[in-house]
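Protein chains in written order, with my numbering: chain A, 516 to 778; chain B, 4 to 527.
It should be emphasised that the hints constitute simulated quantities derived from the structure, not laboratory data.
Ideal placement from N, C-alpha and C gives every residue a C-beta, glycine not left out.
Please note that the accuracy of each hint is not assured.
Quick look at which bits of chain B chain A covers, simulated, 3 or more residues with Cβ under 8 Å [stated by the list, open to error]:
1) 80-88
2) 334-348
3) 355-364
4) 368-377
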Amino acid sequence: MRRRAWAGAGLLGFAIAVALVARVWTPWDAGAIDVGHRLLPGSIAHPLGTDQLGRDLLSMLMAGAGPPLGTAMLATLIGALIGGPLGLIAAARPGLADDVVTRTGDVLFAFPALVLALLLVAVLGPGVLPVALAVGLVNIPVFVRVARAAARAVLVRDFVAAARTAGLGEGAVARAHVLPNIASALAVQAAIQFSVGLLAEAGLAFLGLGAQPPEPSWGRMIADAQTLIGSHPRLVVWPGLCITLAVLSANLLADGLRRRGRA
Amino acid sequence: MSLLEIERLSVRYGSDTALEDVSLRVAAGEVVGLVGRSGSGKSTLAAAVSALLPDEAEIAGAVRIDGRPVSPAARGRLVGTIFQEPATALNPALTVGGQVAEVLRAGGLRDRRRRDAAVAALLSRVGLAIDPGRYPHDLSGGQRQRVGIAMAIAAGSKLLVADEPTAALDPVARDEIAGLLRRLVAQERIGLLLVSHDLPLVAGLADRIAVLDAGRLVEEGPAAGRLRRPASATLAALSAPAAPAMSSAGRGAPLLVATDVARTFREARCCWSRRGTLVLDGLSLEVASGETVAVVGTSGSGKTTLARLALGLDRPDRGAIHVDGVRWTGRVAADRPLRRRVQAVFQDPADSLDPAMAVGAIVAEPLGLLSPPPSPAARAAHAAAALAEVGLPADAAERLPHAFSGGQRQRIALARALVLRPDLLVLDEALSALDPDLQAEVAALLVRLQAERGLALLLITHDLQLAGRLAHGIAVVDAGRIVEQGETAALLATPRHPVTAALVAASPGLEQALDRHERDRPIT
Numbered sequence: 516m517r518r519r520a521w522a523g524a525g526l527l528g529f530a531i532a533v534a535l536v537a538r539v540w541t542p543w544d545a546g547a548i549d550v551g552h553r554l555l556p557g558s559i560a561h562p563l564g565t566d567q568l569g570r571d572l573l574s575m576l577m578a579g580a581g582p583p584l585g586t587a588m589l590a591t592l593i594g595a596l597i598g599g600p601l602g603l604i605a606a607a608r609p610g611l612a613d614d615v616v617t618r619t620g621d622v623l624f625a626f627p628a629l630v631l632a633l634l635l636v637a638v639l640g641p642g643v644l645p646v647a648l649a650v651g652l653v654n655i656p657v658f659v660r661v662a663r664a665a666a667r668a669v670l671v672r673d674f675v676a677a678a679r680t681a682g683l684g685e686g687a688v689a690r691a692h693v694l695p696n697i698a699s700a701l702a703v704q705a706a707i708q709f710s711v712g713l714l715a716e717a718g719l720a721f722l723g724l725g726a727q728p729p730e731p732s733w734g735r736m737i738a739d740a741q742t743l744i745g746s747h748p749r750l751v752v753w754p755g756l757c758i759t760l761a762v763l764s765a766n767l768l769a770d771g772l773r774r775r776g777r778a
Numbered sequence: 004m005s006l007l008e009i010e011r012l013s014v015r016y017g018s019d020t021a022l023e024d025v026s027l028r029v030a031a032g033e034v035v036g037l038v039g040r041s042g043s044g045k046s047t048l049a050a051a052v053s054a055l056l057p058d059e060a061e062i063a064g065a066v067r068i069d070g071r072p073v074s075p076a077a078r079g080r081l082v083g084t085i086f087q088e089p090a091t092a093l094n095p096a097l098t099v100g101g102q103v104a105e106v107l108r109a110g111g112l113r114d115r116r117r118r119d120a121a122v123a124a125l126l127s128r129v130g131l132a133i134d135p136g137r138y139p140h141d142l143s144g145g146q147r148q149r150v151g152i153a154m155a156i157a158a159g160s161k162l163l164v165a166d167e168p169t170a171a172l173d174p175v176a177r178d179e180i181a182g183l184l185r186r187l188v189a190q191e192r193i194g195l196l197l198v199s200h201d202l203p204l205v206a207g208l209a210d211r212i213a214v215l216d217a218g219r220l221v222e223e224g225p226a227a228g229r230l231r232r233p234a235s236a237t238l239a240a241l242s243a244p245a246a247p248a249m250s251s252a253g254r255g256a257p258l259l260v261a262t263d264v265a266r267t268f269r270e271a272r273c274c275w276s277r278r279g280t281l282v283l284d285g286l287s288l289e290v291a292s293g294e295t296v297a298v299v300g301t302s303g304s305g306k307t308t309l310a311r312l313a314l315g316l317d318r319p320d321r322g323a324i325h326v327d328g329v330r331w332t333g334r335v336a337a338d339r340p341l342r343r344r345v346q347a348v349f350q351d352p353a354d355s356l357d358p359a360m361a362v363g364a365i366v367a368e369p370l371g372l373l374s375p376p377p378s379p380a381a382r383a384a385h386a387a388a389a390l391a392e393v394g395l396p397a398d399a400a401e402r403l404p405h406a407f408s409g410g411q412r413q414r415i416a417l418a419r420a421l422v423l424r425p426d427l428l429v430l431d432e433a434l435s436a437l438d439p440d441l442q443a444e445v446a447a448l449l450v451r452l453q454a455e456r457g458l459a460l461l462l463i464t465h466d467l468q469l470a471g472r473l474a475h476g477i478a479v480v481d482a483g484r485i486v487e488q489g490e491t492a493a494l495l496a497t498p499r500h501p502v503t504a505a506l507v508a509a510s511p512g513l514e515q516a517l518d519r520h521e522r523d524r525p526i527t
């Protein structure tokens with residue numbers, strides 16, 4: 516199922532490219548309010564029309580890709596880079612270290628992810644970075660579990676015993692043998708957590724806790740336009756479609772990676 | 004009409020041919036032994052008879068049981084299958100009785116009370132006098148395989164297919180399972196297709212023998228006659244591999260010395276209470292340079308724990324392990340000088356070679372122990388030399404382990420163990436999975452190295468035949484202690500301890516197995 520992975524990676528790559536382009540160029544200034552041209556239908560000047568404050572919808576969608584994609588990426592990195600090594604340590608050191616790491620993870624798991632993120636944002640204040648940190652924190656125990664379970668299965672195998680007879684210490688065994696053999700499991704989980712991060716950001720932005728005005732974000736665009744859903748549904752449908760496609764492509768990537776890992 | 008008729012069966016996977024035009028018959032009350040090297044198509048044939056081939060297999064020809072073609076729907080009713088590894092063939096979440104009852108329910112026995120009675124009857128038919136409420140994990144390997152056999156015969160099939168049914172068992176358990184199969188065949192007129200690379204097992208059970216090589220049937224006939232006078236080169240190589248002469252390098256100074264070693268494994272249980280299992284209990288052993296010492300015993304006797312202690316992978320709770328007067332410390336840096344001198348080959352090369360690592364890197368891994376560490380070019384040269392020494396092509400270094408057969412992989416593991424020219428090699432069942440001719444080849448290499456360099460070998464095995472051919476001395480381990488120890492020939496000829504006697508009796512050679520078979524079942 517190579518095609519799935521490629522389709523997912525391609526769509527996601529396109530979204531990331533658009534988000535990067537939007538940082539330097541959008542057709543119109545995504546934040547420029549022009550009440551005189553509010554709620555225009557699609558035209559050559561404004562392909563997707565304008566919103567209730569006269570901002571160009573296409574420009575807003577392009578600029579609005581940054582916060583969800585950036586948040587998802589940062590949160591996935593935080594989760595993988597902290598949770599992965601913690602999981603390895605837990606697997607290599609049964610006993611106190613394992614208990615502390617896994618039980619702490621279990622406690623974090625006991626809170627619904629979004630509620631935990633809400634709590635953190637309430638403490639840290641709204642914004643893109645606090646949301647990314649909050650979602651990243653929620654990701655850590657997920658990666659701990661995946662890395663620990665996969666590493667435990669690798670550590671009992673005889674090639675690890677053989678590596679020890681070749682004089683490799685724990686760190687060297689982890690680098691040379693454990694990581695390469697759990698990398699595909701971690702990659703699949705990273706793709707899944709990326710899609711989770713996209714949804715979490717969209718949800719928090721919808722609640723007004725993510726990117727702050729005037730910086731647009733797909734989630735907040737839906738929130739801002741929700742009263743107009745009857746008269747101008749396109750203002751809700753377009754950002755919603757963007758979120759759906761981004762999440763779908765991350766899941767396609769995860770699915771494709773998983774199938775390849777099994778073959 | 005024969006019970007099982009295989010007619011011109013061919014099985015292909017894409018462009019790979021697994022079986023080519025094989026015809027074979029098994030009559031009721033008959034045992035047909037199917038032998039061949041690993042990868043010869045034995046297991047494919049067994050799977051075809053059990054209708055267990057994967058969907059992507061392209062099948063031509065016919066397999067009929069009792070005149071009816073096999074199909075997944077008829078599985079169980081027409082043919083029962085006994086698997087190699089009873090530990091994985093049983094569902095760990097179901098009781099023993101539950102597993103057997105499941106087969107009966109699938110066969111249409113709905114009434115619970117009658118089903119329970121049938122389960123009890125089946126368990127007694129396979130000689131299991133245990134509570135059906137027990138779970139697989141607290142049974143021995145032999146008991147689990149009996150449960151597997153009970154499941155195979157539960158649906159009333161008259162044909163059994165057993166694919167290496169005893170490969171995971173120690174000699175005593177293997178002998179018991181062989182006895183059970185013999186009894187089922189004789190008393191209930193069951194036909195048995197026995198797939199095995201264990202020729203003494205086949206010799207002790209089979210009436211006829213069929214030999215596969217590269218998917219083709221190369222020889223077929225009465226078991227005793229064919230095994231004594233093979234017609235095909237394949238069977239000749241398998242039944243009478245060139246046995247290496249035991250090396251006579253002469254015993255040097257003691258190299259590996261284990262003194263009063265004890266090891267208890269503590270299992271974490273609920274609420275911090277810990278229960279210990281005593282695995283080694285005051286064991287002492289010496290291996291001198293230039294010497295081969297075999298440690299034999301049944302499963303769970305502590306053999307593998309001893310290997311791990313000798314390798315410094317685990318530490319004893321009491322006693323000490325010294326190699327040339329130096330003790331393992333358990334610290335990575337401090338143990339490095341010793342690691343250079345002690346290397347290991349493990350049982351299963353599929354498990355002991357990192358699937359994500361190129362063969363050259365695997366073989367070169369121990370070279371990191373040299374000081375100063377060799378340059379990448381020198382590493383590659385060392386690895387190439389070690390691969391050549393075990394007879395692998397030079398281009399093997401760039402490929403991944405999965406590109407090689409089981410026998411080749413074990414030679415890769417051997418190359419890794421020999422690359423540092425160690426003084427002591429620990430072989431933990433390292434030769435038992437190899438085909439007989441390949442086993443002889445590897446053994447010859449070890450004997451040569453021993454003669455040339457005074458290599459000491461600690462041979463952990465339950466294969467007494469192999470120990471008898473290779474080892475100068477044998478130590479018999481039971482319940483964590485050495486119960487008998489001595490010079491190989493004397494110990495095998497006149498075992499004094501009952502455990503030794505049981506192991507010897509359960510490990511006949513090919514000739515003995517044939518004789519015993521003829522004596523037990525006179526030609527009618």
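Violated constraints from the hint list, given by number and in increasing order:
Per hint list: single violation, 1.
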